[in-house]
Amino acid sequence: MFSRAYRAAITVPPLVWVAVFLLLPYALLFCYSFWSVSSSQEIVHSWTLDNYRQLLRVNVYWQTLLRSMWIAARVTIFSLLLGYPLAYYLSFCAGKRKDLLYQLVIIPLWVSYLVRAYAWKTILGSDGVLNTLLQYVHLTSHPLDFLLYSPFAVVLTLTHIYTPFTFLPIYAALEHIPRNLVEASHDLGASPFQTFWRVIFPLSIPGVLAGATFAFVLSLGDFLAPLLLGGPSGIMISNIVVSLFGAAYNWPLGAAISFCMLALVLALLSLSESLEKKWSFR
Amino acid sequence: MELSMNQRERTVPTSRWLPWHAIVVFAFLYLPIVTLIVYSFNGSGVGGFPPRDLTLNWYRQLFADDAIWTSVLNSLLVAFAAMAISLAFGIPAALALDRANFPGKALFRRLVLLPLILPGIITGLSLLMLFQAGNVKLSLLTIVLGHGTALISVATTEVFAGLQKLDRTQEEASLDLGANYWQTFWRVTLPNLRLSIIGAALLIFTLSMDEIAVSFFLIGRDNTLPLEIWGRLRRGITPEINAISTIIFIFSLAAIVTWYRLRAKAEPELIL
Amino acid sequence: MALRATRDNLATVSEPATTGATPSSASPLLDIRNVAKSFGKNVVLRNISLQVAEGEFLTILGESGSGKTTLLRIIAGFEAASSGEILMGGERLDRLPPYQRRVNTVFQHYALFPHLTVAENVGYGLRVAKLPPQEIATRVEQALDMVKMTAYSAVKPAKISGGQQQRIALARALVNRPRLLLLDEPLSALDANLRRQMQVELKSLQREVGISFVFVTHDQEEAMVMSDRIALLRMGELEQVASPREIYNRPASAYTAQFIGHTNLLSGEVKDGVAHCQSLSWRTGLRDGPGLFSLRPENIRLATGVSTGAAVRFRAKILRQAFHGATELLQVECADGLLLSIRAASRDNWSGDVDLEFSSADAVPVRASEIQQPQGKD
Numbered sequence: 042m043f044s045r046a047y048r049a050a051i052t053v054p055p056l057v058w059v060a061v062f063l064l065l066p067y068a069l070l071f072c073y074s075f076w077s078v079s080s081s082q083e084i085v086h087s088w089t090l091d092n093y094r095q096l097l098r099v100n101v102y103w104q105t106l107l108r109s110m111w112i113a114a115r116v117t118i119f120s121l122l123l124g125y126p127l128a129y130y131l132s133f134c135a136g137k138r139k140d141l142l143y144q145l146v147i148i149p150l151w152v153s154y155l156v157r158a159y160a161w162k163t164i165l166g167s168d169g170v171l172n173t174l175l176q177y178v179h180l181t182s183h184p185l186d187f188l189l190y191s192p193f194a195v196v197l198t199l200t201h202i203y204t205p206f207t208f209l210p211i212y213a214a215l216e217h218i219p220r221n222l223v224e225a226s227h228d229l230g231a232s233p234f235q236t237f238w239r240v241i242f243p244l245s246i247p248g249v250l251a252g253a254t255f256a257f258v259l260s261l262g263d264f265l266a267p268l269l270l271g272g273p274s275g276i277m278i279s280n281i282v283v284s285l286f287g288a289a290y291n292w293p294l295g296a297a298i299s300f301c302m303l304a305l306v307l308a309l310l311s312l313s314e315s316l317e318k319k320w321s322f323r
Numbered sequence: 393m394e395l396s397m398n399q400r401e402r403t404v405p406t407s408r409w410l411p412w413h414a415i416v417v418f419a420f421l422y423l424p425i426v427t428l429i430v431y432s433f434n435g436s437g438v439g440g441f442p443p444r445d446l447t448l449n450w451y452r453q454l455f456a457d458d459a460i461w462t463s464v465l466n467s468l469l470v471a472f473a474a475m476a477i478s479l480a481f482g483i484p485a486a487l488a489l490d491r492a493n494f495p496g497k498a499l500f501r502r503l504v505l506l507p508l509i510l511p512g513i514i515t516g517l518s519l520l521m522l523f524q525a526g527n528v529k530l531s532l533l534t535i536v537l538g539h540g541t542a543l544i545s546v547a548t549t550e551v552f553a554g555l556q557k558l559d560r561t562q563e564e565a566s567l568d569l570g571a572n573y574w575q576t577f578w579r580v581t582l583p584n585l586r587l588s589i590i591g592a593a594l595l596i597f598t599l600s601m602d603e604i605a606v607s608f609f610l611i612g613r614d615n616t617l618p619l620e621i622w623g624r625l626r627r628g629i630t631p632e633i634n635a636i637s638t639i640i641f642i643f644s645l646a647a648i649v650t651w652y653r654l655r656a657k658a659e660p661e662l663i664l
Numbered sequence: 015m016a017l018r019a020t021r022d023n024l025a026t027v028s029e030p031a032t033t034g035a036t037p038s039s040a041s042p043l044l045d046i047r048n049v050a051k052s053f054g055k056n057v058v059l060r061n062i063s064l065q066v067a068e069g070e071f072l073t074i075l076g077e078s079g080s081g082k083t084t085l086l087r088i089i090a091g092f093e094a095a096s097s098g099e100i101l102m103g104g105e106r107l108d109r110l111p112p113y114q115r116r117v118n119t120v121f122q123h124y125a126l127f128p129h130l131t132v133a134e135n136v137g138y139g140l141r142v143a144k145l146p147p148q149e150i151a152t153r154v155e156q157a158l159d160m161v162k163m164t165a166y167s168a169v170k171p172a173k174i175s176g177g178q179q180q181r182i183a184l185a186r187a188l189v190n191r192p193r194l195l196l197l198d199e200p201l202s203a204l205d206a207n208l209r210r211q212m213q214v215e216l217k218s219l220q221r222e223v224g225i226s227f228v229f230v231t232h233d234q235e236e237a238m239v240m241s242d243r244i245a246l247l248r249m250g251e252l253e254q255v256a257s258p259r260e261i262y263n264r265p266a267s268a269y270t271a272q273f274i275g276h277t278n279l280l281s282g283e284v285k286d287g288v289a290h291c292q293s294l295s296w297r298t299g300l301r302d303g304p305g306l307f308s309l310r311p312e313n314i315r316l317a318t319g320v321s322t323g324a325a326v327r328f329r330a331k332i333l334r335q336a337f338h339g340a341t342e343l344l345q346v347e348c349a350d351g352l353l354l355s356i357r358a359a360s361r362d363n364w365s366g367d368v369d370l371e372f373s374s375a376d377a378v379p380v381r382a383s384e385i386q387q388p389q390g391k392d
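Chains A, B and C are the protein sequences, given in the same order.
Residue numbering for the first sequence follows our numbering, beginning at 42 and increasing consecutively.
Residue numbering for the second sequence follows our numbering, beginning at 393 and increasing consecutively.
Residue numbering for the third sequence follows our numbering, beginning at 15 and increasing consecutively.
Just so you know, these hints were derived from the structure itself, not from any lab.
Please note: incorrect hints may appear among the correct ones.
[As the list claims (entries may be wrong)] 20 Å max Cα-Cα, derived SDA-like pairs, lysine to any residue:
1. A/137 to B/411
2. C/170 to C/128
3. A/318 to B/549
4. B/557 to A/216
5. A/137 to B/649
6. B/557 to B/593
7. B/657 to C/208
8. A/139 to B/577
9. A/318 to B/499
10. C/170 to B/655
11. B/497 to A/246
12. B/557 to C/287
13. B/497 to A/219
14. B/529 to B/583
15. B/497 to A/53
16. A/318 to B/505
17. C/173 to B/583
18. A/139 to B/412
19. C/285 to C/259
20. B/497 to A/44
21. A/139 to B/649
22. B/497 to A/290
23. A/319 to A/233
24. A/139 to B/418
25. A/137 to B/653
26. C/144 to B/577
27. A/139 to B/593
28. C/55 to B/493
29. B/529 to A/136
30. B/657 to B/593
31. A/139 to B/410
32. C/173 to C/144
33. A/139 to B/529
34. A/319 to A/239
35. B/657 to C/131
36. A/318 to A/184
On a predicted model such as this, the values are computed, not experimentally measured, just so you know.
Work out the full structure, taking the sequences as your base and the hints as a guide.
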């Protein structure tokens with residue numbers, strides 16, 4: 042029903058914009074990862090695999106990448122442990138309060154990411170709220186110093202930030218489960234426990250996958266929370282990229298790391314997509 | 393929180409631990425926000441329990457702080473411009489995904505939506521390389537281009553969802569009555585997508601106001617608010633940041649409430 | 015509430031046609047020539063040729079999946095035909111985009127714009143045509159008056175009933191003075207009473223305004239009540255195009271005979287101008303060979319008195335009866351096992367053996383249809 046001119050008018054402008062500002066930059070990133078820097082700090086535009094070789098050879102790179110993945114995995118697990126039961130409670134048990142509680146989960150998202158990370162810093166610091174509170178009630182006599190500038194602080198903060206993000210798709214998936222399925226399961230003699238594991242949980246898996254992917258990918262690429270709260274032991278892979286693009290001035294190596302991250306993210310996305318497809322029955 | 397369950401809900405598997413779990417999660421989510429607000433009134437600075445010497449000093453100091461307000465203005469400027477770009481390209485992109493077939497459509501869909509899930513650092517870096525290759529001086533303009541591009545994904549997903557709900561015969565009726573494609577777009581398609589577009593605009597606006605990963609790499613001389621805050625955080629903690637955050641939080645809260653009022657008023661009319 | 019149209023309400027494009035018109039004029043208003051349509055491998059329409067005369071009420075009748083809505087959408091311009099051409103007033107119509115065709119549509123679920131008021135909906139076509147506001151106001155007023163909806167002009171469509179929405183959809187289309195009005199099952203969403211009332215009103219409105227109507231429906235009764243001609247569509251092909259009377263009395267195929275009304279299909283052997291079906295035989299004009307005949311239940315009568323020469327007489331046993339109000343549909347079995355339906359006057363208890371007869375002329379020879387469909391009544 043739409044004429045060719047109409048289809049061209051809606052297709053060409055976004056296509057051109059996306060090509061120039063997304064496709065081209067990603068391609069550039071790819072190219073950079075095969076270039077190098079001369080001793081006079083200039084980009085050498087000749088192709089080499091040196092950057093990728095360096096990634097494998099220098100321990101700090103792949104170790105940091107592994108540590109980042111471990112931090113992201115913990116964030117994902119904690120977000121799911123906090124988010125899933127909450128989503129389940131809201132969707133199935135909250136009754137009339139459902140909408141209000143839903144809004145309460147959303148509202149923290151409107152507070153700046155940076156500000157929330159900063160708030161955790163003021164809570165966890167050695168003369169921060171938590172430590173002074175503990176001393177005030179005489180639970181400790183010295184400030185606990187593992188709280189701030191540690192992977193713990195990073196995981197805690199990122200969990201705080203990504204819990205609402207994991208909650209949202211899980212809640213949406215639970216809301217889409219027809220309630221008569223639950224009744225049918227009971228009617229057929231399943232106990233509440235069996236009903237949950239055999240009917241509700243399998244049908245909510247696409248939501249779990251979407252939420253988990255989101256939490257994992259975004260916390261994997263984070264560089265602000267580690268910089269603010271991580272200390273030396275909480276450094277993540279993106280911090281290395283930032284320093285390579287800044288003070289260390291080695292864009293090609295930074296590009297190579299970024300490209301590995303990009304590839305990792307794309308692989309995870311397609312994995313989660315195919316799993317989601319497998320678990321959605323509509 | 394007591395459980396008030398009716399007959400229907402009693403058939404649902406539940407546990408008495410669930411409400412307690414919900415309370416814990418909400419406490420976790422709100423603890424930093426409450427701390428932030430409380431300590432914006434704390435005379436002896438951030439940290440230190442219990443809070444004492446309630447004061448409005450930090451707010452007074454904040455209102456006299458020109459650098460912060462300049463960055464707020466910059467952020468507003470960037471957010472509006474990014475909103476314009478994202479909508480101008482995101483709405484057609486959603487229409488194209490809905491109703492046009494062209495080679496590379498799958499790749500296009502993936503590319504448009506990628507910034508939604510990709511860590512901001514990658515988008516920021518690749519754009520930095522683009523601007524460097526094109527000899528574009530970093531400024532607020534490069535941030536606008538960065539935000540605009542990354543947030544097309546938001547406009548596209550919101551509007552695409554709206555299009556799925558749009559009754560196609562509405563547009564056919566318009567063409568049938570003699571309106572050409574352009575008139576049909578303005579008189580029927582766009583008004584029907586009104587809520588999705590307003591929703592997308594609000595979301596883009598707030599995301600842009602808060603964005604830091606992309607801006608971090610594309611910043612020129614002028615700071616946006618998150619970058620200004622970031623700079624100060626690196627120099628040390630100051631309750632002024634609590635004060636500005638509290639103000640922004642209250643503004644956002646007002647925006648959400650307005651948005652829900654608006655939607656509640658508009659929605660019944662949209663259901664034919 | 016009656017729909018009313020006067021000469022000043024709507025400028026007529028042509029003189030109203032006379033009842034039961036068949037297109038006899040040299041140039042029809044709409045000329046569909048060899049139109050075919052397929053979606054991928056799925057062939058929806060094959061070789062459709064059909065004319066619509068000025069002022070005619072033509073109904074495209076068919077079951078769901080017969081391609082009737084696709085044909086309507088091709089005329090309106092929402093789909094392009096895969097082959098063939100469509101002319102209106104002698105000029106190519108199928109090359110124009112929908113908004114340049116002087117054709118308007120009443121959509122199945124009305125497709126009223128929810129964000130516009132009733133009056134804005136009706137005035138939409140005039141406004142996009144950039145008519146002076148004064149003229150728009152007058153014509154909208156007249157159109158609303160025609161469908162008796164003036165009181166609702168400032169209301170949004172969601173606030174009015176289905177029947178009222180239907181009137182607005184009609185007014186919105188007619189206010190543009192189209193040369194042809196397309197109606198896509200416009201009455202299907204109404205309840206039975208309102209539907210019957212609207213059938214009559216729509217028909218008389220069409221007479222008044224004199225605009226050609228192409229009406230799509232799956233309801234054969236609706237088609238019979240309203241149409242000048244019926245085009246019966248089956249699996250993408252035209253089965254028969256004729257006036258309601260002709261299509262009922264002279265069905266061309268077994269499918270037509272079964273889809274429109276009740277019938278008995280008699281399959282027999284013709285020899286020397288006489289058809290034989292088990293123990294029954296009657297005179298026919300068919301050539302020798304196998305023959306298929308449609309015999310309407312109401313054409314089989316209870317035999318009284320002396321046999322007239324033209325009638326075929328036989329004896330049968332009543333098996334069961336179904337009450338249809340004024341009449342009774344009886345299932346009878348002849349001595350040789352042949353089962354027939356007959357229509358008889360309503361009576362409490364039909365039973366036993368009866369003498370029956372029918373005229374040879376009422377056994378109408380029909381073309382066999384590849385797949386015999388069950389009765390298409392709903």
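Enumerated hints in conflict with the structure, sorted upward: As far as the earlier hints go, 7, 8, 11, 12, 13, 14, 19, 22, 23, 27, 29, 32, 33 and 36 are violated by this structure, in ascending order.
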